[in-house]
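Number of protein chains: 2
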Amino acid sequence: MAEDFPVISAEDDAWEAVTQLAENRLPGLVVADPHGKPLSILPTSQVVRILVPSYVQDDPSLAGVLSESMADRVADKLRGKKVKALIPDDLPELAVVNDDDTIVEVAAIMARLRCPLAVVMRGDVPVGVITASRLLQLALTPPT
Amino acid sequence: MAEDFPVISAEDDAWEAVTQLAENRLPGLVVADPHGKPLSILPTSQVVRILVPSYVQDDPSLAGVLSESMADRVADKLRGKKVKALIPDDLPELAVVNDDDTIVEVAAIMARLRCPLAVVMRGDVPVGVITASRLLQLALTPPT
Numbered sequence: 000m001a002e003d004f005p006v007i008s009a010e011d012d013a014w015e016a017v018t019q020l021a022e023n024r025l026p027g028l029v030v031a032d033p034h035g036k037p038l039s040i041l042p043t044s045q046v047v048r049i050l051v052p053s054y055v056q057d058d059p060s061l062a063g064v065l066s067e068s069m070a071d072r073v074a075d076k077l078r079g080k081k082v083k084a085l086i087p088d089d090l091p092e093l094a095v096v097n098d099d100d101t102i103v104e105v106a107a108i109m110a111r112l113r114c115p116l117a118v119v120m121r122g123d124v125p126v127g128v129i130t131a132s133r134l135l136q137l138a139l140t141p142p143t
Numbered sequence: 000m001a002e003d004f005p006v007i008s009a010e011d012d013a014w015e016a017v018t019q020l021a022e023n024r025l026p027g028l029v030v031a032d033p034h035g036k037p038l039s040i041l042p043t044s045q046v047v048r049i050l051v052p053s054y055v056q057d058d059p060s061l062a063g064v065l066s067e068s069m070a071d072r073v074a075d076k077l078r079g080k081k082v083k084a085l086i087p088d089d090l091p092e093l094a095v096v097n098d099d100d101t102i103v104e105v106a107a108i109m110a111r112l113r114c115p116l117a118v119v120m121r122g123d124v125p126v127g128v129i130t131a132s133r134l135l136q137l138a139l140t141p142p143t
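Here the protein sequences come in this chain order: X and L. For the first sequence, numbering that gives the first Met the number 0 begins at 0 and goes up steadily by one. For the second sequence, numbering that gives the first Met the number 0 begins at 0 and goes up steadily by one.
None of these hints come from the bench; they were simulated from the model. Nothing here was measured: the structure is a model prediction, and the numbers come from that model. Hints may contain errors.
Copies of the same chain look alike in the list, so a pair counts if it fits in one copy or across any two.
Subject to a maximum C-alpha distance of 25 Å in a straight line, what follows is the list of computed SDA-like cross-link-like pairs (lysine to any residue) [claimed, not checked]:
1) Lys-76 / Gly-127
2) Lys-83 / Asp-99
3) Lys-76 / Arg-113
4) Lys-36 / Thr-18
Isolated chain X (complex conformation) (with noise of 0.2 Å):
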């Protein structure tokens, strides 16, 4: 049920990545190693958070203080980092399912995550990605 969706390298060029995401309306970035072993799947509503300053994620109030510049000037520092930059220092659990897990089983741990993506497993070999879209339109479509 894996379909195709676009696996990026934490060594890529962060900003592509995040223009790719937001152009694509993909609901996430998968990040891989050089064997495809996923690194960070970060759901679009993580991705933001590079938007957001740091002294602003400790203190959300001070969100309000800020100019749109400011905000322009925060995309600006991507300019010239790699995907790496995007992963959260706090390694969360990993949207991981095994390609003979159950729709039930991929939906559940979406739901607990919070994620709208998950990497599919064969053994220790990635073999696609399913996205929460998909996985409704296999549940809604009647098998014909």
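We have chain X; now place chain L onto it with these hints.
Same frame as chain X, but now just chain L:
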């Protein structure tokens, strides 16, 4: 910075709403009352909860013992239901922003609530929806 985004009513058909969500690869559903006031803002990662029977939500280890055909039956339960059946009982904090909030403020609330879409209000009146993809696009596109 709001954008075109379908807002549905709690009285709409649930099957229809979820099918639209899946087919259009939307990041989530905005459910509103007859005045357009948001009742629930559901990321797609939470909409997939409908595929997970409640006893599996309570004990995830049970997911593996369900066959795909049981998942099908779960999906079938959607037929004839209204959208309000999708709204969780414990109403989580809504990703609602003001139309004069900055990009940083919107990004901060999306990241905190792990919600890839926010409803934009002007005072008490909803004026649109903004998605995390759109927010990134706005932040990354240099002003022309």
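- Item | Hint numbers contradicted by this structure | 1, 2
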